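There are 2 protein chains.
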Amino acid sequence: MSTISIASAAEVFELLKPDLAAIELEFARQSGSPVAVVTDIANYLIAGGGKRIRPLLLLLSAKALNCESQARIRLGAVVEMLHTATLVHDDIIDEASTRRGRPSSNTTWGNAKCVLAGDWLYMQAFQTALGERNFRILDLLISLTQQMVEGELLQMEKLGHLINEEEYFDLIYRKTACLFRVSMQLGAVIANPSALEGERPFEETLGEYGRNLGLAFQIVDDVLDLTANDDVLGKPAASDLREGKATLAVIHALERGTGADREAIRMVLADRSFNRVTHADILEILYRHGSIAYAMDTACAYAEAARQSLAELPENEYKRALLWVPGFVTSRDR
Amino acid sequence: MSTISIASAAEVFELLKPDLAAIELEFARQSGSPVAVVTDIANYLIAGGGKRIRPLLLLLSAKALNCESQARIRLGAVVEMLHTATLVHDDIIDEASTRRGRPSSNTTWGNAKCVLAGDWLYMQAFQTALGERNFRILDLLISLTQQMVEGELLQMEKLGHLINEEEYFDLIYRKTACLFRVSMQLGAVIANPSALEGERPFEETLGEYGRNLGLAFQIVDDVLDLTANDDVLGKPAASDLREGKATLAVIHALERGTGADREAIRMVLADRSFNRVTHADILEILYRHGSIAYAMDTACAYAEAARQSLAELPENEYKRALLWVPGFVTSRDR
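The listed protein sequences derive, respectively, from chains C and S.
Residues 24 to 357 (the working numbering) are what the first sequence spells out, left to right.
Residues 24 to 357 (the working numbering) are what the second sequence spells out, left to right.
There may be inaccurate statements among the hints.
Because identical chains cannot be distinguished in the list, a pair is counted as satisfied if it fits within a single copy or across any two copies.
To be verified - Keeping only pairs whose Cα atoms sit at most 20 Å apart, straight-line, the calculated SDA-like set for lysine to any residue is:
#1 LYS40 to ARG289
#2 LYS181 to THR131
#3 LYS40 to GLU91
#4 LYS181 to ASP63
#5 LYS181 to GLY133
For the record, the hints were derived by calculation from the structure and aren't laboratory data.
This one's a predicted model, so the numbers in the text were calculated from it and none came from an experiment.
Could you put the whole structure together from the sequences, leaning on the hints where they help?
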């Protein structure tokens with residue numbers, strides 16, 4: 024085992040290649056439904072790709088604790104399936120027309136089928152998790168899902184309004200960090216499946232890693248939404264602002280900006296369009312106040328907090344991969 | 024304890040009055056969410072009433088087996104909450120404008136919030152069920168929910184098309200009888216919570232009762248949809264035909280009718296309206312072929328099968344109530 028730190032995504036993927044392939048198979052197998060349209064929608068979503076970062080975290084967490092149980096494959100598929108279920112319902116809610124550069128599932132199948140396909144994916148994920156016969160796993164997954172759903176509802180209530188940093192962090196915890204956290208915790212649970220509640224080594228600290236990483240990930244996602252162009256994102260640029268969502272850099276500029284700056288931002292959020300104020304106008308305000316840099320610095324601080332959470336973890340190549348992930352997350356450009 | 028059979032709904036409700044009141048409280052308590060809109064939608068749905076027949080079945084099943092565990096109250100609320108979650112999502116799918124004589128929840132809050140409120144209710148139901156720490160309960164509830172969701176998707180695929188009796192029975196099993204069955208089974212599970220899989224006395228036979236009763240219930244519902252008027256139903260008459268759904272009497276007439284009869288029915292299903300053929304025309308066809316009587320006779324046969332399922336059950340007032348329910352279900356007019 025090398026003591027040199029991991030330096031590239033290729034190395035991490037190489038380390039997990041057979042497991043990630045097994046998870047793809049399991050995900051496809053689990054998405055097979057007696058009802059053809061469920062299988063169609065699920066296959067469409069599987070083919071759409073996605074970074075598979077949640078299963079990757081679960082695998083690294085389990086393997087860092089020397090767990091090679093088959094549960095890592097099944098639960099890896101479960102966390103990706105839950106993530107997919109939330110995307111299907113979110114696309115209905117956001118009336119999204121594209122997702123990852125392709126038509127969104129609601130555009131292709133209509134809202135009604137997508138409501139049900141999302142429900143089905145939730146149930147299939149729980150069904151698979153239930154097969155592990157471990158109440159802790161179910162506690163984590165069901166309260167996770169409820170928190171994510173509540174987060175989406177809170178997000179809806181806040182659309183078009185100015186929010187503060189505290190509200191923003193609650194929203195991105197529910198949207199992203201909560202599932203990252205649970206993916207990491209599940210790795211610890213299956214490494215010691217029969218441990219008593221609260222007596223599982225590293226469940227808490229690995230969960231903290233996931234939470235911090237998830238916050239960093241979403242902050243970067245929100246910055247990229249503001250700064251990248253359509254082609255890179257596979258969706259219209261600044262779609263958060265077009266949907267009335269204020270994210271970290273925008274909140275920063277609102278707190279520091281001149282009256283005219285605040286008014287410009289308020290207008291875009293209320294209009295949910297760039298009809299009266301352009302995207303370039305907003306970017307100029309954000310750069311002038313150092314708001315983009317502030318958001319990126321905050322993401323980097325969470326990434327560092329994630330690394331710190333691993334201090335007590337035994338040294339091995341999976342720990343090294345976990346130490347590498349936060350830097351990857353904060354330096355990506357899409 | 025009287026040996027005289029139960030003769031009225033009032034007697035059954037009197038028998039269960041404190042338990043049904045406790046379930047209402049539990050249902051209201053469980054619907055309290057940190058997110059205001061969830062509580063609003065849930066309270067609206069609770070106030071809308073409904074027959075509470077699923078909790079009633081669960082109570083009768085548990086009590087017929089001498090179970091007085093508090094689980095009967097919690098799970099009584101769970102089955103009603105699952106039922107409510109399916110209604111919220113169904114209203115989105117059917118684009119319903121009314122439900123039980125009031126504006127439907129999607130009309131009031133919009134599709135997006137209702138997708139999420141339905142998701143939340145599912146999770147809350149599972150959360151509560153998970154509190155029982157009994158895998159059999161979770162197995163029943165999660166596979167139930169998946170079957171119901173698949174049923175709705177199958178229903179959508181068949182809208183506007185002619186279906187046969189076998190397809191019809193599969194659909195109404197998933198739509199109604201499956202939850203009736205599980206409500207009865209849960210009563211048996213909590214009466215013997217630690218019994219081994221497959222070794223729980225009466226789980227199978229009480230489940231059969233629920234299945235037969237549920238089929239009878241839905242057949243009658245479908246007949247009432249065809250024959251009752253708007254005021255009695257609290258929704259537009261013949262809304263199944265308006266939505267392109269062929270139910271038992273209609274399937275019977277399609278198999279027995281003249282070419283012109285078949286064509287008239289086909290037209291309504293394809294048009295999803297009575298623009299070319301009137302509701303009265305369809306009723307004339309159904310009565311002429313004895314199709315309404317056929318459907319009611321079928322419902323009565325399932326009701327009788329439900330009663331027969333109870334043959335081995337010990338005699339007590341709850342068994343007598345269970346023997347009374349099927350007749351009530353087939354003789355109701357709304």
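Hints versus structure:
1. LYS40 to ARG289: neither (47 Å within a copy, 55 Å between copies)
2. LYS181 to THR131: For LYS181 and THR131, the Cα distance is within 20 Å only across copies (19 Å; inside one copy 28 Å).
3. LYS40 to GLU91: For LYS40 and GLU91, only the intra-copy Cα distance (14 Å) is at most 20 Å; the inter-copy one is 53 Å.
4. LYS181 to ASP63: between (34 Å within a copy, 17 Å between copies)
5. LYS181 to GLY133: Classified as between; 16 Å across copies, 26 Å inside a copy.
Hint compliance for this structure: hint 1 is the single one not met.
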